[in-house]
Amino acid sequence: AQSVSQHNHHVILSEAASLELGCNYSYGGTVNLFWYVQYPGQHLQLLLKYFSGDPLVKGIKGFEAEFIKSKFSFNLRKPSVQWSDTAEYFCAVNGEDSNYQLIWGAGTKLIIKP
Amino acid sequence: ETGVTQSPTHLIKTRGQQVTLRCSSQSGHNTVSWYQQALGQGPQFIFQYYREEENGRGNFPPRFSGLQFPNYSSELNVNALELDDSALYLCASSLFLLGEQFFGPGTRLTVL
Chain S
25 AQSVSQHNHH
35 VILSEAASLE
45 LGCNYSYGGT
55 VNLFWYVQYP
65 GQHLQLLLKY
75 FSGDPLVKGI
85 KGFEAEFIKS
95 KFSFNLRKPS
105 VQWSDTAEYF
115 CAVNGEDSNY
125 QLIWGAGTKL
135 IIKP
Chain B
14 ETGVTQSPTH
24 LIKTRGQQVT
34 LRCSSQSGHN
44 TVSWYQQALG
54 QGPQFIFQYY
64 REEENGRGNF
74 PPRFSGLQFP
84 NYSSELNVNA
94 LELDDSALYL
104 CASSLFLLGE
114 QFFGPGTRLT
124 VL
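First to last, the protein sequences are chains S and B. Quick note: my numbering has the first sequence finishing at residue 138, numbered continuously throughout. Quick note: my numbering has the second sequence finishing at residue 125, numbered continuously throughout.
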């Protein structure tokens, strides 16, 4: 069965630190990859997505993610975090085998210390 | 443009009861997906409706059922509630079947 693994459940960083959140998936076929973010008190919203093409994807608010097919990974990065990046981040995957339904990771809670 | 709305915001039920949760999709969106998010976990796909027909179902028992109406709003019904059904229930709508999903705020269901 398809699954998505996010390595860290909680991450605490200081402002201006660099961020990398890991995401690995188990899936054999062609995949679409997503990162969603949930800011405190707000709805889940799409941060960025990869369908095909350039494996380095840029999203909103300075975030980017790199799809490495050989490692089944789609890690999220930001060179310099801000206090406003405090949120929960979810990686999700879909593909033909899941009938394009989203399979989600457990999420990473990111806290940025001012 | 009105986003995805869900009602009620919170709900408390007891074991064995039945519950109906409602979702209004974003204007023009014909696809609605429902998810269950238990505490500390990511969302789990329950089912999806496309133009009033069920289009895919996750690993949930038949006591989880749904409907989509001609205006594309949707309901999630859960019968014979169990303690483990306590969770945040999320609705998401999209403009087309494989389109970006826009999420509502969720309904927090507590089963006692």
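Where hints are given, some of them may not hold.
[Unchecked claim] Pulled a few chain B residues facing chain S out of the computed Cβ check, cut under 10 Å:
#1 16
#2 54
#3 56
#4 60
#5 69
#6 73
#7 74
#8 77
#9 99
#10 103
#11 113
#12 115
#13 119
#14 121
These are computed hints drawn from the structure, not numbers from a lab. Ideal Cβ placement from N, Cα and C applies to all residues, glycine included.
Quick check on the hint: residue 54 of chain B CB to chain S CB, less than 10 Å?
Status holds, d = 5 Å.
Would the stated hint for residue 77 of chain B survive a check requiring a Cβ distance to chain S of less than 10 Å?
violated, 15 Å
Restraint check, 10 Å cut-off on beta carbons, for residue 99 of chain B near chain S:
violated, 17 Å
Would the stated hint for residue 121 of chain B survive a check requiring a Cβ distance to chain S of less than 10 Å?
With a closest approach of 13 Å, the residue 121 of chain B hint is violated.
Please verify that hint: residue 113 of chain B, Cβ, nearest Cβ of chain S, below 10 Å or not.
holds, 6 Å
Status of the residue 16 of chain B interface restraint (C-beta, 10 Å, chain S):
Interface hint status for residue 16 of chain B: holds (7 Å vs cutoff 10 Å).
Does residue 74 of chain B pass the interface check with chain S, least Cβ-Cβ distance below 10 Å?
violated, 17 Å
Under the criterion of a CB-CB separation shorter than 10 Å, is residue 115 of chain B in contact with chain S as hinted?
It holds, given that the least Cβ distance between residue 115 of chain B and chain S is near 8 Å, below 10 Å.
Per the CB criterion, is residue 73 of chain B less than 10 Å away from chain S?
Check failed: Cβ of residue 73 of chain B comes no nearer than 12 Å to chain S, outside 10 Å.
Mind checking the CB of residue 69 of chain B against every CB in chain S and telling me if the closest is under 10 Å?
The hint holds - residue 69 of chain B has a Cβ within 10 Å of chain S, the shortest such distance being about 5 Å.
With a cut-off of 10 Å on the beta carbons, see whether residue 119 of chain B makes it to chain S.
Because about 8 Å separates residue 119 of chain B from the closest Cβ in chain S, which is inside the 10 Å limit, the hint holds.
Agreement of hint residue 60 of chain B with chain S interface, Cβ distance less than 10 Å
holds, 9 Å
The earlier numbered hints that this structure contradicts are 6, 7, 8, 9, 14.
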